[in-house]
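**Student:** The residues making up each chain are set out below.
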Amino acid sequence: MLLQQLVNGLTLGAVYTLIALSFSLVMGILGVLNLAIAELFMLGGYFGFAAIMAGLPLPVALLAGMSGAALVAVVIEKIGYQPFRDAPVVTPMLSTLGFSIILQNVATNVWGSDPLQLSDEVLAGRFTLGPVSVSAMQLTVLGATAVLVALLAFVVQRTSTGRALRAVAENRDVARLLGVSAGRVTLMAFMLSGALAGSAGVLIGLHYAAITPYIGVEIGLKAIAVMVVGGTTRIWGALIAGPLIGVAEVMTIAYGGSQIRDFVVYGFMIAILLLRPQGILGGTRSDQGQRV
Amino acid sequence: MSTYCAGLLADVGILLLGALSVYITLATGQLSLGNAGFMGIGAYLTSYLTVTVGIPLTPALVIAAVAAGIVGLIVGFPALRLKGIYLAMATLGFGEMVRSFFLNLDAMGGSGGFHGMHHISNDYIWSWAAAILLLVMILEHSQIWLEMRAVCHDDTAAGLVGLNTTTIKVGAFGFAAAVAAIAGGLFAHHHVYIEPGNFNFERSIDFVLAVILGGSTVGPGALVGALLLVLLPEYLRFLAEWRFAAFGTLLIAMLLVRRQGILDRSLFRAFALRRPA
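In the order they appear, the protein sequences are chains Y and E. Residues 1094 to 1385 in my numbering are what the first sequence spells out, letter by letter. Residues 635 to 911 in my numbering are what the second sequence spells out, letter by letter.
Simulated from the structure, these hints should not be mistaken for laboratory data. Each residue gets a CB set at the ideal place from its N, CA and C atoms; glycine is no exception. Misleading hints may appear alongside valid ones.
[As the list claims (entries may be wrong)] Part of the chain E face toward chain Y, derived, beta carbon under 7 Å:
{"hint": "1", "residue": "Met723"}
{"hint": "2", "residue": "Asn738"}
{"hint": "3", "residue": "Met742"}
{"hint": "4", "residue": "Ile846"}
{"hint": "5", "residue": "Phe878"}
{"hint": "6", "residue": "Ile886"}
[What the hints assert, rightly or not] Taking CB as the label site, the calculated pair distances span:
{"hint": "7", "chain 1": "E", "residue 1": "Thr637", "chain 2": "Y", "residue 2": "Asn1202", "range": "38 to 46 Å"}
{"hint": "8", "chain 1": "E", "residue 1": "Gly796", "chain 2": "Y", "residue 2": "Glu1263", "range": "30 to 38 Å"}
{"hint": "9", "chain 1": "Y", "residue 1": "Tyr1348", "chain 2": "E", "residue 2": "Tyr638", "range": "26 to 34 Å"}
{"hint": "10", "chain 1": "E", "residue 1": "Leu890", "chain 2": "Y", "residue 2": "Gly1272", "range": "46 to 54 Å"}
{"hint": "11", "chain 1": "E", "residue 1": "Leu739", "chain 2": "Y", "residue 2": "Ser1206", "range": "37 to 45 Å"}
{"hint": "12", "chain 1": "Y", "residue 1": "Ala1147", "chain 2": "E", "residue 2": "Tyr827", "range": "18 to 26 Å"}
{"hint": "13", "chain 1": "Y", "residue 1": "Gln1098", "chain 2": "E", "residue 2": "Ile708", "range": "33 to 41 Å"}
From just these sequences and the hints, can you work out the full model?
**Tutor:** Written out as structure tokens, the structure reads:
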């Protein structure tokens, strides 16, 4: 029972990790809370669903969700972020909120407000390992998350684009003085973030075998909590915080009732903000980037 | 006046109070995304006092405002440690925790909601809204407001010139919480039914939107923002199911054209009667 819940929690946590990384890329590099990420996630789910319904294989569906969401993220960056990059933090937050209102409305009108269901034959099978039963779907979600995180790690740590991203995150002005194009880096951060959110959408669609236009708000808000717990300036903190929150949430549902899970998750987030604002992984306090 | 218009007008009054609560903390540079939490506390406490305890609405509102104000002070102290977007995220968490708390409070109906309140007139809602707006506008001409703005612009410098930044920031939180609680109490007695979902993140965001769209540097901005936020979706009804997309587009366009909001100080100066220099 306990092990089973652990596996369920890890699956949910994997999806949280991806969205938290998506929030954290934009937040850590630009100091902006992009509220439209919640809807990019939902949109990615729909694109993925459309691809699966059209009979395309899963990797293609994942790619469809990622590239669709990344394209929308580019539009958001051009209209919703660039004009406001010098404004107080609340302004870009509200302009991305505008996009999230639009995206949710469009999704409701295009796909309807009723949940879309995935037929059972996509990835049915279950594997039983001792007391634990893992569905093929859960394995896919976990595996895909691992691959995506590895890819992101490669891009951020090993490529010149990633170096530019980290340089701007460290100090935007100095990075620009050294010849890093801040505009290109911003666009890259939004695109990567969009692609991650889109992939999470496809995976959660697979996990629940259903998707609604309203899935973004609830899971998106919780992903903000995951980002905070992991540390907003250290994107890799999400790798620990995601599974942690996912497991905590599933355990709370299993042993404490489903109603108090939000209380636990957000209480945890506030405690981290107050006691360890650099996140569980962050270094010393002086390490925290000047963001405000 | 039709009941439809009356309903809209009541919504404007309640949103105005919520927006003012955000405006007050924003004047000290603290962005709160959790004021729906204070509103929920006010709504539930007022309803409990009028329905279960059986006292009249006005004293119930005052008690709820004081109680929420104390909660605001309690929240304000830890909030001192946080700034900007981090404070915004912490208050977001606070709002969601309050909502979750009422979801589990079976004594007040839990997820089933709570009812039994008596409906109130628009005049009553607007007397409260107008009184608080007036109070804020009077406050804007006081020394306290200058101190709040000093803290907003640079709290280190404000502290160096001898202002008590802690009192100002925490006090603003308490006052804002009290105003939000009044909005909640009026909301509960206007709709005569409340459920935890009424006080979610979207409600908090509505408050912030009203302030930013109306103009975040002047009190009447909250009034303009509240009017805009309630009436605009109604005027867009001819677009049927696309009206929220249109609203989102207008919101972005509005921010692009006039990010300081519809009203600001220079607008007020331009229209002010000429004064001796």
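**Student:** If a hint holds in the structure, say so; if it doesn't, say that too.
**Tutor:** We went through each hint and held it up to the structure:
no. : hint                                : in the structure
1   : Met723                              : holds, 6 Å
2   : Asn738                              : holds, 5 Å
3   : Met742                              : violated, 14 Å
4   : Ile846                              : holds, 6 Å
5   : Phe878                              : holds, 4 Å
6   : Ile886                              : holds, 4 Å
7   : Thr637(E) to Asn1202(Y): 38 to 46 Å : violated, 29 Å
8   : Gly796(E) to Glu1263(Y): 30 to 38 Å : holds, 36 Å
9   : Tyr1348(Y) to Tyr638(E): 26 to 34 Å : violated, 48 Å
10  : Leu890(E) to Gly1272(Y): 46 to 54 Å : violated, 30 Å
11  : Leu739(E) to Ser1206(Y): 37 to 45 Å : violated, 29 Å
12  : Ala1147(Y) to Tyr827(E): 18 to 26 Å : violated, 44 Å
13  : Gln1098(Y) to Ile708(E): 33 to 41 Å : holds, 35 Å
Of the numbered hints listed earlier, those contradicted by the structure are 3, 7, 9, 10, 11, 12.
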